[in-house]
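Participant: Here the structure of chain A is known, so what remains is to put chain B in place on it, guided by the hints.
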Amino acid sequence: MKLPVSIAVNGSATSSEVEPRLLLVHYLRDVLGLTGTNVGCDTSQCGSCTVLIDGEAVKSCTVLAVQADGSDITTIEGLAQDGELHPIQQAFWDNHGLQCGFCTPGMILTATEILKKNPRADEHEVRHGLEGNICRCTGYENIVKSIVAAQSAKPAKKRASKKGAA
Amino acid sequence: MGYVGSSVKRVEDPRFIQGKGAYVANIELPKMVYLAVKRSPYGHAKITKINTKKAKAHPGVVAVFTGQDLIDSGVGVMPCGWNVPDIQIPVRQALTVDKARHVGDGIAVVAAEHPYIAADAVELIDVSYEPLPAVVDARKTTDVGVPQIHDNVAENTSFEWSLGDKEACDKAFSEADHIVDLELTNQRLIANAMEPRACVAQWNHATEEMTVWTTSQNPQPIRLLLSAFTLGIPENRLRVISPDVGGGFGSKIFHYPEEVITPWIAREINRPAKWVATRSESSVTDSQGRDHITLARMALKKDGEISGVHVSTWANMGGYLSTFAPLIPTAFYITLFAGLYKMKGVWGEVFGTITNTVPVDAYRGAGRPEASYVIERLVDVAAHELGMDPVELRRKNFIGKDEFPYQTPVALQYDSGDYHAIFDKATSIANYTKMRSDQDEARSSGRLVGVGVSGCIEASGPAPSAVAGALGSAVGFWESGVVRVHPSGKVTVLTGSHSHGQGHETTFAQIIADELGIDMGDIEVVHGDTGRIPFGMGTYGSRSAAVGGSALVKSAEKVREKLKKIAAHQLEASVEDMVYDQKEGKVYVKGSPDKAKPFGELAFAAYSAHNLPEGLEPGLDETSFYDPANFTFPNSAHIAQVEIDPETGEVDIQRYIAVDDVGNVINPMLVEAQIQGGIAQGAGQALWEQGVYDENGQLLTASLMEYAMPRAHAFPRFEIGRVETPSPHNPLGVKGAGEMGTIASTVCIANAVMDALAPLGIRHLDMPLTPEKIWNAISAVGQRTTAKVEYFGGD
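From first to last, the protein sequence lines are chains A and B. Position 22 (the first sequence) corresponds to 22 in our numbering; numbering is contiguous. Position 333 (the second sequence) corresponds to 333 in our numbering; numbering is contiguous.
Simulated from the structure, these hints should not be mistaken for laboratory data. Be careful, since some hints might not be right.
[To be verified] Across the chosen pairs, the derived CB separations fall in these ranges:
no.: 1; chain 1: B; residue 1: Gly2; chain 2: A; residue 2: Gly33; range: 37 to 47 angstroms
no.: 2; chain 1: B; residue 1: Asp424; chain 2: A; residue 2: Asp82; range: 45 to 55 angstroms
no.: 3; chain 1: A; residue 1: Glu56; chain 2: B; residue 2: Pro131; range: 38 to 48 angstroms
no.: 4; chain 1: B; residue 1: Arg237; chain 2: A; residue 2: Met1; range: 42 to 52 angstroms
no.: 5; chain 1: B; residue 1: Ala421; chain 2: A; residue 2: Ser152; range: 29 to 39 angstroms
no.: 6; chain 1: B; residue 1: Lys20; chain 2: A; residue 2: Val31; range: 17 to 27 angstroms
Idealized CB from N, CA, C, for every residue including glycine.
One chain only, chain A, in its complex shape:
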């Protein structure tokens, strides 16, 4: 049995017939070919597969594609706008917030949620905000530094207006 799903991903409408058991992360990776969302565990512990569903950071391995029907999803591929990095992406680059890069998409999308909920999150709050994301390379220090640094970066609005001008 297959069920139809329609999901907006990074601003584009997508639709497909999927098995009810298909995980959202596999819909993104295998059906749409958006392989920036990584799978690091089977138990929703590592956070590598984090995406934004209707603006909320969610581990896409805990959601069935059919549950995401009708939602609006942002993956790591959809974060940069008009060739310009999102301030959090830029901060990860500037502050060496990644090594092997595998956990990075999940870290960056979780960071958007941390800063959305608490735009002035301090180091302590950022560390606790990363509770659901595991990194084996960095010891977290530069990830935390990147997220704190991203707060003082250029707001995304300015980049949007640039888009309007173009």
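Facilitator: Chain B in isolation, oriented as in the chain A frame:
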């Protein structure tokens, strides 16, 4: 150009932060089949029957194979690449046929049209088992009633190995004023790189060429092993690619069964094949780390002079010998027992035993953290028992900075160091005296505050190849490096090293930019593809900069020499009078810098070949194979301050200070990050992580629900300092930087926790120092006695 020594931002990052990382699991090919492996749920069991009928009939299943199918087609046994004398090497098939020897041992494989179908069909394979008694404890493998796991490994002991001056060791103990005895467990760890292992293979039916993409730290040796031992496809028809790899920490060095099975199936059914491990599958198949049981003794004089150590270790090798397994508890372990100290009577022995657990091999630090744990726990307990400050006891025994090169009694010759300087810096950053007086104050109000110290040595970048061969290695430990200058002056750098997070695309470009005096942006670094790069040895043992970087320096030297010849010819001067200006990237006659020939012009001249000196070949493409003269010897002084909550037993790391000497530094930002990541990983072993097996060999920590990985909130900001004593024997003066954080932090934090518990009379607890373990120890003291206990209090 001044790139080396500066914190250049990584050139590889834009693809990772935008989700464009090229990991093996992302590869999709037309007509691909997806593999799933049937694995043993038993630690030890005889396989009496395998029925694949239902699985084969399942819709969407393309084929099902067993180990016998592989054997019948000539697939060879998994090789062991390190052979110590008199070793008994168990037979390991890519898929086992007779017995399962650990949970996760592969038995059959399904190829299907979709990964979900493959997973479904695996459940339909019916395997009949006769469960056998199991052994999981390294020291119990010879006990009465324990079955022999492999027919050819008597008493489940694969090898015995010893090193050191036994006579000097015995003398040290017979003349000792004080002897410290410790029984230590260095627990089993699971590497848990965030990217699970994966393999993709494509067979070209027409040309009979195979391409294998695999999550490896060293694709060239994997190609060799696939060709010469397991799969049997000639090396010149086999291309192995390790594209972006999501962390390794040692676990992706080894040749794994799935690297054999996947290309074998791709050829067998003439369709591309893909296998991606689940995390739980990684837990029961990735080679694991550590797992030593050790009886250790240290001999001291009254004044704190360390005169000897005597160590016996039972090293758990798991159910088979993984690719480099015998190396880790032998030549990477006992050779480090001299530590930073001048002691003469050093002797150690190890028993490599086979158990019904997942195979054990190199894991970040690989033998050296185990050695540091033994020596630095002994030193710490000695300081407590002699009533000396642990920093002072260490300082009393340091090898002096003028004593290098220093020959230890356990084979190694240390290259350079200044151990007092690293401790000066660490104690200064920590404000150690105040840290101790604050601790006294906290203790007087009943708080459990501990200060831990470690001083560690590492032998990184194993070398030279001839010595490795004499010690049992089947391979050499050199590295290849190509500097290919194109006619336009752009440069491609090919390295046999492999980056799986280290940032070689940046650091190696920094090196070559400075060597040739060109812009970093004109350089592209290529690694991880046997179709593009010469044979090389890959990345492990903190060897990439020291060995791979040095190979590139040698090739850049050759490029400079050739360009000097061309410039000399064109400027009508002798080659001896030519100056290569590495700042500006130009060549001129000594004294006439105004008439210089720029790099780009000379590169084009090398290819146009219109005006070359007689006899000089056109082209500008230089290759070097660099075999280092020695290991490099990074060293460190780490200090941790912890506080234990007596109500919960929870350890709070309040401060962590790390001063490391990794020789010259190419990119300080990247080196610091290696140390930071290492500290967290080592802390994980000290406080939380453990691969736990029950008595039947069942792995109880096979997912990240049970295996406690370090998380962000558990750490303070690390305080990091650096001392640079360049390695004298490689052209960059660098030492390994990848593993010291892990080597030093595990024992540093363990020492801090034990220091915190010392007032309660608790002398030693084995890692991981979990809240439960600490709480139980505190509670036992409370019930046992209220008698006065003496401890070192810093006064």
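Participant: Would you mind marking each hint as holding or not holding in the structure?
Facilitator: Hints and how they fare:
Range check, Gly2/B to Gly33/A: about 42 angstroms between beta-carbon atoms, so the 37 to 47 angstroms window is met. The hint said 45 to 55 angstroms for the Cβ distance between Asp424/B and Asp82/A, and at roughly 52 angstroms that hint holds. As the Cβ distance of Glu56/A to Pro131/B is approximately 47 angstroms, the hint placing it in 38 to 48 angstroms holds. Taking 42 to 52 angstroms as the suggested C-beta distance range, the pair Arg237/B and Met1/A conforms, at roughly 45 angstroms.
Checking the proposed 29 to 39 angstroms range against Ala421/B and Ser152/A shows it holds: the Cβ atoms sit about 37 angstroms from each other. For Lys20/B and Val31/A, the Cβ-Cβ distance of about 19 angstroms falls inside the hinted range of 17 to 27 angstroms, so the restraint holds.
Every hint from the earlier list agrees with this structure, and none is contradicted.
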